[in-house]
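Asks: Place chain B on chain A using the hints.
Listed below, chain by chain, are the residues.
Protein chains: 2
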Amino acid sequence: MIVVKMGGAQGVNLSAVCQDVAELIRQGEAVVFVHGGSNETNELSEKLGMTPRFITTVTGFTSRYTDRKTLETFCMATAKINMTLVEHLQKAGVNALGLSGVDGKLLCAKRNEAIKIVENGKRMVIRDDFTGKIEQVNAGLIQMLLSAGLTPVIQPMAISEAGDALNVDADRAAAIIAGAIHAQQLILLTHVPGLLRSFPDESSLITHIDRRSVETALEVAEGRMKKKVLGAIEALELGVEKIVFADGRVEHPLLGALGGQGTTIS
Amino acid sequence: MIVVKMGGAQGVNLSAVCQDVAELIRQGEAVVFVHGGSNETNELSEKLGMTPRFITTVTGFTSRYTDRKTLETFCMATAKINMTLVEHLQKAGVNALGLSGVDGKLLCAKRNEAIKIVENGKRMVIRDDFTGKIEQVNAGLIQMLLSAGLTPVIQPMAISEAGDALNVDADRAAAIIAGAIHAQQLILLTHVPGLLRSFPDESSLITHIDRRSVETALEVAEGRMKKKVLGAIEALELGVEKIVFADGRVEHPLLGALGGQGTTIS
Chain A
2 MIVVKMGGAQ GVNLSAVCQD VAELIRQGEA VVFVHGGSNE TNELSEKLGM TPRFITTVTG
62 FTSRYTDRKT LETFCMATAK INMTLVEHLQ KAGVNALGLS GVDGKLLCAK RNEAIKIVEN
122 GKRMVIRDDF TGKIEQVNAG LIQMLLSAGL TPVIQPMAIS EAGDALNVDA DRAAAIIAGA
182 IHAQQLILLT HVPGLLRSFP DESSLITHID RRSVETALEV AEGRMKKKVL GAIEALELGV
242 EKIVFADGRV EHPLLGALGG QGTTIS
Chain B
2 MIVVKMGGAQ GVNLSAVCQD VAELIRQGEA VVFVHGGSNE TNELSEKLGM TPRFITTVTG
62 FTSRYTDRKT LETFCMATAK INMTLVEHLQ KAGVNALGLS GVDGKLLCAK RNEAIKIVEN
122 GKRMVIRDDF TGKIEQVNAG LIQMLLSAGL TPVIQPMAIS EAGDALNVDA DRAAAIIAGA
182 IHAQQLILLT HVPGLLRSFP DESSLITHID RRSVETALEV AEGRMKKKVL GAIEALELGV
242 EKIVFADGRV EHPLLGALGG QGTTIS
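The listed protein sequences derive, respectively, from chains A and B. In the working numbering, each residue's number is its place in the first sequence (first place is 1) plus 1. In the working numbering, each residue's number is its place in the second sequence (first place is 1) plus 1.
Don't read these hints as lab results, they were simulated from the structure. Please note that the accuracy of each hint is not assured.
You can't tell identical chains apart in this list, so a pair holds if it fits in one copy or across any two.
Stated by the list, open to error - Derived lysine-lysine pairs resembling DSS-like cross-links, with alpha carbons at most 27 Å apart:
no., residue 1, residue 2
1, Lys70, Lys48
2, Lys92, Lys134
3, Lys117, Lys70
Looking at chain A on its own, in the form it has when it is part of the complex (with noise of 0.2 Å):
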């Protein structure tokens, strides 16, 4: 079993990508797609003049702050991904079915009900956020769909306790899916080759990181990479046996990856 995740599809080849999942369904192998949508959530925000709002919290890490109106942008962007994700997978030949955390309680998250962030040096605390921690998969809801052919397409969104739906982060929801459902492989496509030592120069890429040095990992990402580099940490931990950040844009996305391409963690 493979989880594959993607970003809202800039840059990424999405036919090569599902040309990939394809073969390798055709090759006995099943496949559990989730993907992103940042920037097609600002994009779309900025259309409907909304300014994305980021913060920061005292921890150190971006996320976007997500009101109601917020959460509802999101879930726009993103099913339009999902459902442009689905056509080019059924194009391909492969039944996917597209799904959102929210749906059958497929991801059950812990909202985060008081954020402490900096803004411009002063801390504050954020509570009308939509955006939450996963604890808790309906692993049995994908095994299902897997057994019945399908290809599930995850959309980043879990609910809350209280029936809210939520905004989480793909990249740790991947790795959690992963684990759940005890995939051996995680494949993390990006817009570039994998880990590099020093960003943005392709040519630092680091191949293979041992999964007992992982953490050392965290120090080199920049940016979104540190968020992928979480979610690898997490799916170690959950028991998945190797991590690929691996190129999105080339021809043969996974295939590659699972032949050494990119950053393995292993």
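Replies: This is chain B only, laid out in the frame that chain A set:
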């Protein structure tokens, strides 16, 4: 088994509908939900600076002109409705799962490749429209979800033979789904008390129509109600025993409809 169809929630008492669904499920009934989203698509289109365009076929039916951009807007607007419905159902204790007709090839349709329309009195042919006519329902997928204790909430899109998403009429989708899964009853919720002999006079409600004379209802129906009557005719032909046009604004929209309120066709 009951199929419930509602519009995009405008005017409909959403929490009352969801409470009724929960009550029906407690009574051992299986429910499948289908929703529309025409008004919400118009609103989103306008916010995005697009002017919704409607076309009238030479046979007199009006529908949305759906180029790819409009299809994506339709996808986003109906995805938001879908999520909101799933949230409401989850809050009412119903384990709802949203999906569109594209997912798992739930609804396979023949794309309208050449639509003959009349515009400003002139006949024209439209060839870039992403709409279609449903030809096949993946009833097995719906059955699988129901057997797993899930309540499907279906977004009105279908997949073409070429693997493209299509905009389909939600009333007729609900009718065809009801037929395919051998539902006994189909409830079409509206923001009027049912079929009115002289629209919009609500006191002219027709409470019962014999299934043998349902075609006469087409003469009475105005605007959108015409498609609901067409859906009812289709559902009857497919073996559905009872169709109700019911008021979605009241306290018990579904229990009321099953108890004889609205317009019953049987």
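Asks: Going through the numbered hints above, which ones does this structure break? Give me the numbers in ascending order.
Replies: none
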